[in-house]
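Trainee: Chain residues, written in single-letter form:
6 protein chains.
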Amino acid sequence: MTDNERLARGKKVREAVLGGAHVARTAKNRTPFNAEFQDFLMEYAWGSIWSRPGLDHKTRSMITIAMLVALGRADELKLHIRATANTGVSRDEVKEIMMHAAIYAGVPAAFGAFQLAAQIFAEMDKKAASS
Amino acid sequence: MTDNERLARGKKVREAVLGGAHVARTAKNRTPFNAEFQDFLMEYAWGSIWSRPGLDHKTRSMITIAMLVALGRADELKLHIRATANTGVSRDEVKEIMMHAAIYAGVPAAFGAFQLAAQIFAEMDKKAASS
Amino acid sequence: MTDNERLARGKKVREAVLGGAHVARTAKNRTPFNAEFQDFLMEYAWGSIWSRPGLDHKTRSMITIAMLVALGRADELKLHIRATANTGVSRDEVKEIMMHAAIYAGVPAAFGAFQLAAQIFAEMDKKAASS
Amino acid sequence: MTDNERLARGKKVREAVLGGAHVARTAKNRTPFNAEFQDFLMEYAWGSIWSRPGLDHKTRSMITIAMLVALGRADELKLHIRATANTGVSRDEVKEIMMHAAIYAGVPAAFGAFQLAAQIFAEMDKKAASS
Amino acid sequence: MTDNERLARGKKVREAVLGGAHVARTAKNRTPFNAEFQDFLMEYAWGSIWSRPGLDHKTRSMITIAMLVALGRADELKLHIRATANTGVSRDEVKEIMMHAAIYAGVPAAFGAFQLAAQIFAEMDKKAASS
Amino acid sequence: MTDNERLARGKKVREAVLGGAHVARTAKNRTPFNAEFQDFLMEYAWGSIWSRPGLDHKTRSMITIAMLVALGRADELKLHIRATANTGVSRDEVKEIMMHAAIYAGVPAAFGAFQLAAQIFAEMDKKAASS
Numbered sequence: 001m002t003d004n005e006r007l008a009r010g011k012k013v014r015e016a017v018l019g020g021a022h023v024a025r026t027a028k029n030r031t032p033f034n035a036e037f038q039d040f041l042m043e044y045a046w047g048s049i050w051s052r053p054g055l056d057h058k059t060r061s062m063i064t065i066a067m068l069v070a071l072g073r074a075d076e077l078k079l080h081i082r083a084t085a086n087t088g089v090s091r092d093e094v095k096e097i098m099m100h101a102a103i104y105a106g107v108p109a110a111f112g113a114f115q116l117a118a119q120i121f122a123e124m125d126k127k128a129a130s131s
Numbered sequence: 001m002t003d004n005e006r007l008a009r010g011k012k013v014r015e016a017v018l019g020g021a022h023v024a025r026t027a028k029n030r031t032p033f034n035a036e037f038q039d040f041l042m043e044y045a046w047g048s049i050w051s052r053p054g055l056d057h058k059t060r061s062m063i064t065i066a067m068l069v070a071l072g073r074a075d076e077l078k079l080h081i082r083a084t085a086n087t088g089v090s091r092d093e094v095k096e097i098m099m100h101a102a103i104y105a106g107v108p109a110a111f112g113a114f115q116l117a118a119q120i121f122a123e124m125d126k127k128a129a130s131s
Numbered sequence: 001m002t003d004n005e006r007l008a009r010g011k012k013v014r015e016a017v018l019g020g021a022h023v024a025r026t027a028k029n030r031t032p033f034n035a036e037f038q039d040f041l042m043e044y045a046w047g048s049i050w051s052r053p054g055l056d057h058k059t060r061s062m063i064t065i066a067m068l069v070a071l072g073r074a075d076e077l078k079l080h081i082r083a084t085a086n087t088g089v090s091r092d093e094v095k096e097i098m099m100h101a102a103i104y105a106g107v108p109a110a111f112g113a114f115q116l117a118a119q120i121f122a123e124m125d126k127k128a129a130s131s
Numbered sequence: 001m002t003d004n005e006r007l008a009r010g011k012k013v014r015e016a017v018l019g020g021a022h023v024a025r026t027a028k029n030r031t032p033f034n035a036e037f038q039d040f041l042m043e044y045a046w047g048s049i050w051s052r053p054g055l056d057h058k059t060r061s062m063i064t065i066a067m068l069v070a071l072g073r074a075d076e077l078k079l080h081i082r083a084t085a086n087t088g089v090s091r092d093e094v095k096e097i098m099m100h101a102a103i104y105a106g107v108p109a110a111f112g113a114f115q116l117a118a119q120i121f122a123e124m125d126k127k128a129a130s131s
Numbered sequence: 001m002t003d004n005e006r007l008a009r010g011k012k013v014r015e016a017v018l019g020g021a022h023v024a025r026t027a028k029n030r031t032p033f034n035a036e037f038q039d040f041l042m043e044y045a046w047g048s049i050w051s052r053p054g055l056d057h058k059t060r061s062m063i064t065i066a067m068l069v070a071l072g073r074a075d076e077l078k079l080h081i082r083a084t085a086n087t088g089v090s091r092d093e094v095k096e097i098m099m100h101a102a103i104y105a106g107v108p109a110a111f112g113a114f115q116l117a118a119q120i121f122a123e124m125d126k127k128a129a130s131s
Numbered sequence: 001m002t003d004n005e006r007l008a009r010g011k012k013v014r015e016a017v018l019g020g021a022h023v024a025r026t027a028k029n030r031t032p033f034n035a036e037f038q039d040f041l042m043e044y045a046w047g048s049i050w051s052r053p054g055l056d057h058k059t060r061s062m063i064t065i066a067m068l069v070a071l072g073r074a075d076e077l078k079l080h081i082r083a084t085a086n087t088g089v090s091r092d093e094v095k096e097i098m099m100h101a102a103i104y105a106g107v108p109a110a111f112g113a114f115q116l117a118a119q120i121f122a123e124m125d126k127k128a129a130s131s
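Protein chains in written order, with my numbering: chain A, 1 to 131; chain B, 1 to 131; chain C, 1 to 131; chain D, 1 to 131; chain E, 1 to 131; chain F, 1 to 131.
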């Protein structure tokens, strides 16, 4: 496989998971400073790992959310809560993952994630209502 | 629900997930120092969270492993790699979770987890062969 | 003890520690999405742990702040800095905990906590002045 | 205050907290590689922070243990569990700190700490019995 | 060396690294609550460690950025991205450090750092253009 | 660039950094369980990131060590302390990085790293003496 083939595969998987609106936003934000990092992510995160057949997108979505809650990475967590609309993780499942995370990563990790998810879901509902 | 009902429910779920051998070992290690903590875990981790119907045991097993890899909690990770024999997570799925974790928690987190899983799987194979 | 008894005990301890204003705010923010998590916290964090007699509220308040500084959990830290007004931890003691945390969790953890505490104390003084 | 005065003050406080056996062991392990780091710790951790009057040694001991549990720093945690014999933190209080940490840093952090404390207390009892 | 000598040395190194504007801002923000912490940082972080001759300021700047990215300490990271103008770390080198950090601390750590650096560099360019 | 070209480039860089003995050990430990992960690391960590010309190997070695100390990843840290023999980071520089890390990641992170480095350096000296 060449770099270009992997980039192409990564782009397709990423758009399926994060959605067209996110892809367009990232393309608009591309600068000389972040261009190589964007390409690296496309190949590494999306073309190599998310493209692997061993776990479906829904499962990858759930373990990604679990890890981001545990690590307290709020910005990336927002992306992946939005992505649940594409990966088929229901809001009830998001709730379960976060309650489960309270046990393994502590209550404050889950508490912050609940607030963040509520905010993202409200944005998503508002956008859906206005479209 | 009373404390005792919840303890009973927790015990059942915990034995289904961690296995009878682990349950016996923990009972043997019970001391005045850790007894209240053991009961607390039985009620909350097992009787309250793992007992919830919103995610099946296999999914809870996968997100638990993902979080423990991300947080670098090796001792607890060992328990939950062993538990995959009960929760139905295949070794190929464990591998996928750990490769996925390399993206979100960094290569060293995944590297340590691969070594630990290999060691646990070897122990499990040895025990199976000798029984 | 039944769930309801523990919920009742948790509510009382939580209000004593976090204060009536916080309790009212959380009640107002209760939604179907976070209701089960709120109840879980009430039983688990407040009804089971904070209710234990082995450490007084002031000591629990101090170790909670120390851990939240170390883990960098800013939102939860704000709650517990506000709670010092109820738990009897003085501002000088908050300062000492944060300087101590610089040694064990690193200077950036303490630095962020100092800024956050200054902001919360200013809000508290303003509210006190206007009431 | 000069460096030498602070070193002297740090030495005294450190010996009071960590005990003479630990001090002797560290002195024996002093090498050109770690000598400057040892001196830095003596001034910085012990001469500057632990020497401050704003919190007594028992309270500093408790918040140190809480942070080390949260951060998962096992080697340093061992030192500070041993130090409770000097700082006046009882074993029941160690237990309470660790159960409290389960809420804020997650169950695996507390679980590992309970095992470690049990092992240290057993060593301490054995040494006491043989002396 | 006395405290005052170390404070003086620390002040000089800190101003060389963080710049006069930052020093002025910190002086303005000095309060009874944070004064002792500011002095403590001046002595230890700056007077003891950054003043050591064993690594030059550029190298210290690079390892500081790498650690702050890994630990997710955003506020302190901003200071040290701004400081690259004084320490001689180029923007391309900042980019390389952050791409390197994606491997060791995970993609979300690097992703957040890229966004933060872009924002700081834009502020710096704007300030330079208006002066 | 094709996968195979990148693998080849990664192998070369990795051997230059980690040394032939490590490469041989990893090849011997290759199993169906870890083979894909090994290849993934070879391509991304080594073929994509360490191969970039923007930072030399010595600088990458230093920031890697700094991040591993901060994150407390002991196993990976051992590899990279050994690698300093190939990357040209002196033992005095390792000492400086670890003292610097005490400020940013806390004393316990640096303390553990000092002990680990001392042990690795002793092994290296012993091996050198016996060869």
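In short, the hints are calculated from the structure, not lab data.
Do not rely on the hints blindly, as some may be mistaken.
Pairs involving identical chains hold if they fit within one copy or between any two copies, as the list cannot separate such chains.
Straight-line C-alpha distance at most 30 Å; calculated DSS-like pairs for lysine-lysine [said to hold, decoys possible]:
#, residue 1, residue 2
1, Lys28, Lys127
2, Lys28, Lys12
3, Lys11, Lys28
4, Lys12, Lys126
5, Lys78, Lys28
6, Lys78, Lys58
7, Lys12, Lys58
Trainee: Against this structure, judge whether each hint is valid.
Mentor: Now the hints, each set against the structure:
With identical chains, the CA atoms of lysine 28 and lysine 127 are at most 30 Å apart both within one copy (20 Å) and between copies (24 Å). Taking the closest pair of Cα atoms, lysine 28 and lysine 12 come within 30 Å of each other only inside a single copy of the chain (18 Å); across copies the shortest separation is 37 Å, beyond that limit. Taking the shortest Cα distances, lysine 11 and lysine 28 sit within 30 Å of each other inside one copy (15 Å), while across copies they are farther apart (36 Å). Within a single copy, lysine 12 and lysine 126 get their C-alpha atoms as close as 27 Å, which meets the 30 Å cut-off; across copies the closest is 37 Å, which misses it.
Taking the closest pair of Cα atoms, lysine 78 and lysine 28 come within 30 Å of each other both inside a single copy (19 Å) and across two copies (24 Å). In this assembly of identical chains, the alpha carbons of lysine 78 and lysine 58 lie at most 30 Å apart whether taken from the same copy (16 Å) or from different copies (25 Å). For a Cα distance limit of 30 Å, the shortest separation of lysine 12 from lysine 58 qualifies both inside one copy, at 16 Å, and across copies, at 28 Å.
Hint compliance for this structure: no hint is broken.
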